[in-house]
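Asks: Residue-level listing of the chains:
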Amino acid sequence: MDFILEGIYKAFLLLLGGHEETWSAVYATVAVSSISICATVLLGAPLGFLLGYCSFPGRRAVRLVVDTLLSFPTVVIGLIVYGFISRSGPLGELGLLFTLQGIAVGQVMLGLPVVVAMVANAVENADERLEATLLTLGADSTQLLRATLWEVRYHLMLATVAAYGRIVSEVGISMMVGGNIKWHTRTITTAIALETGKGEFAMGVALGLVLLIIAFGVNISVSGLKRRVAK
Amino acid sequence: MSPLYSLSGIRQRYAGRLALDLPSLSIEEGSIVGVAGPNGSGKSTLMRMLAFLEMPQEGQIRFDGTSVDASSGGSRAAMLRKHVTLLTQEPYLLRRTVAENVGYGLAVRGQRNSADAVRQALADVGLPAQEFMHRQWFELSGGEAQRVALAARIILRPKVLLMDEPTSSLDEESAERIRMASMRMRDAHGTTLVIVSHDREWLDSVTDTMVMLRNGHLAG
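Those protein sequence lines, which keep their order, are chains F and C. Letter by letter, the first sequence follows residues 1 to 231 in our numbering. Letter by letter, the second sequence follows residues 1 to 220 in our numbering.
Quick caveat, the hints were computed from the structure, so don't treat them as lab data. Since this is a predicted model, take the numbers as computed values, not measurements. Any given hint could be a false lead.
[As the list claims (entries may be wrong)] SDA-like cross-link-like pairs, simulated, lysine to any residue; straight-line CA separation at most 25 angstroms: (1) F:Lys182 / F:Ile213; (2) F:Lys226 / C:Gly73; (3) C:Lys82 / F:Lys182; (4) F:Lys226 / C:Arg96; (5) C:Lys159 / C:Ala78; (6) C:Lys82 / C:Val68; (7) C:Lys82 / F:Cys54; (8) F:Lys226 / C:Glu139; (9) F:Lys226 / F:Arg146; (10) C:Lys82 / F:Glu128; (11) C:Lys82 / F:Trp150; (12) C:Lys82 / F:Thr142; (13) C:Lys159 / F:Leu130; (14) F:Lys226 / C:Tyr92; (15) F:Lys226 / C:Lys159; (16) F:Lys226 / C:Thr97; (17) C:Lys82 / F:Ile213; (18) F:Lys226 / C:Trp137; (19) C:Lys82 / F:Ser141; (20) C:Lys159 / F:Ser141; (21) C:Lys159 / F:Ala132; (22) C:Lys82 / F:Arg129; (23) C:Lys82 / F:Lys226; (24) C:Lys82 / F:Glu131; (25) F:Lys226 / C:Arg135; (26) C:Lys159 / F:Asp140; (27) F:Lys226 / C:Phe138; (28) C:Lys159 / F:Leu144; (29) C:Lys82 / F:Leu130; (30) C:Lys82 / F:Asp140; (31) F:Lys226 / C:Leu140; (32) C:Lys159 / F:Arg129; (33) F:Lys226 / C:Arg95; (34) C:Lys159 / F:Ser169; (35) C:Lys159 / F:Gln143; (36) C:Lys159 / F:Ile213; (37) C:Lys82 / F:Arg146; (38) C:Lys82 / F:Asp127; (39) C:Lys159 / F:Glu131; (40) C:Lys82 / F:Leu149.
Let the sequences and hints guide you as you build the complete structure.
Replies: See the structure below:
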């Protein structure tokens, strides 16, 4: 027990004392997860709309694939992205391996199914009078997409925070694609795994606390948005 | 002068069941046309087709010189929808303020969406702008929501206003406001009105032509 309490005490000292290595991991996490969630929403919202709104052959199959991808293990995504962006991979020339951008590619693959599935579900369950209303007021197809996404905006925000929660807490992609390089691609989760393995419990706890604070913020956002959605 | 709408050989089916069979129907510009008939007689199908929300599976609709049929692309229907708007029995209000709801149609048409125009449209349906403009969609009663929906269509100055049971679920004051506002549109702007209503007294007193439907066919 003393060992744990001492770890927590030292963790606060590291955080409040501005320990550079700790804050470097925090910065890398915030930077890469911000890029990832922005790209995820920009891609996922229109794709979710198309999946929820349009009828096309194979739509059910696509829904099944998207739903299956919701539980895609992060190490498998890491493996796939690694294969594509490694030196000998088809995208090797882009030089994304062991970079934050490379991690972001994997994290977008992780978050995309969450946003696509939740937005598609929201669009499918939107009031059936919405489409006729927008059309009869003169909306074209682009305006229909934008207005529909605005109508389901609380669901979209809910999808965003759910995807962000998944992205910020993943370890497999960051470890495999980022390489856990100190001062560069070491994120909170990979640092926790490494430091705990080395017996540096305090730093692991410090980073864990930051992750918990982020997760707490995400959960508060989700519960607030759920209330708005239910309104 | 050719009519505003000419429908010919219209046949519309849902799941194999014939919902509408209109060999011929014309609507003159600036007229008030009443549509009556029992439930399931094809009134709402006809209104959706006149609103270009649904394309005819068979036959042709000619509107102001432009024809649409089953082979017409969505862009032609979208172009025609700029001139025609539909008010339903239970309209959907966007999850925005009253002012944003009323101004939405102008905004998507790329027209100037002035607060004065919104105020005027609200005044036309008997809603004081000062009191209602900034209200949210969920802060309105059923009658107020229906009047906001009508204001959102009045502001567009459409060639045709289609109204599908616009007063059936409203209190008498709201119903009267809707009736007055729609009549004013016709008188002031020459808007063609097509009205589906069970209120035969109102229809008989204002319409130039009555279309009676029964089981999807013209009954008289």
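Asks: Starting from Lys226 (chain F), check that the Cα of Thr97 (chain C) is at most 25 angstroms away, please.
Replies: 21 angstroms, holds
Asks: Run the distance test for Lys226 (chain F) versus Arg135 (chain C): straight-line Cα separation, threshold 25 angstroms.
Replies: 22 angstroms, holds
Asks: Would the hint linking Lys226 (chain F) and Arg146 (chain F) be met if the CA-CA limit is 25 angstroms?
Replies: 22 angstroms, holds
Asks: What's the verdict on Lys82 (chain C) and Asp140 (chain F), does the C-alpha distance respect the 25 angstroms limit or exceed it?
Replies: 10 angstroms, holds
Asks: Between the alpha carbons of Lys226 (chain F) and Arg96 (chain C), is the straight-line distance 25 angstroms or under?
Replies: With Cα atoms ~18 angstroms apart, Lys226 (chain F) and Arg96 (chain C) stay inside 25 angstroms; holds.
Asks: Checking one constraint from the list: CA of Lys82 (chain C) to CA of Lys226 (chain F), max 25 angstroms. Satisfied?
Replies: Given pair Lys82 (chain C), Lys226 (chain F) is violated - Cα atoms ~37 angstroms apart, limit 25 angstroms.
Asks: Hinted pair, alpha-carbon criterion (25 angstroms max): Lys159 (chain C), Glu131 (chain F). Please report holds or violated.
Replies: 21 angstroms, holds
Asks: Need the status of pair Lys159 (chain C), Ala132 (chain F): alpha-carbon distance at most 25 angstroms?
Replies: This hinted pair holds, its Cα atoms lying about 18 angstroms apart.
Asks: Check whether the Cα positions of Lys82 (chain C) and Lys182 (chain F) lie no farther apart than 25 angstroms.
Replies: Judged against 25 angstroms, a Cα distance of about 60 angstroms means the pair is violated.
Asks: Is Lys182 (chain F) close enough to Ile213 (chain F), meaning Cα to Cα at most 25 angstroms?
Replies: OK: Lys182 (chain F) and Ile213 (chain F) at ~23 angstroms, within 25 angstroms.
Asks: Is Lys226 (chain F) within 25 angstroms of Trp137 (chain C), Cα to Cα?
Replies: Roughly 19 angstroms between the alpha carbons, so the hint for Lys226 (chain F) and Trp137 (chain C) holds.
Asks: For the pair supplied as a hint, Lys82 (chain C) and Ile213 (chain F), confirm whether the alpha-carbon distance does not exceed 25 angstroms.
Replies: 51 angstroms, violated
Hint compliance for this structure: hints 2, 3, 15, 17, 23, 34, 36 are not met, and every other hint is.
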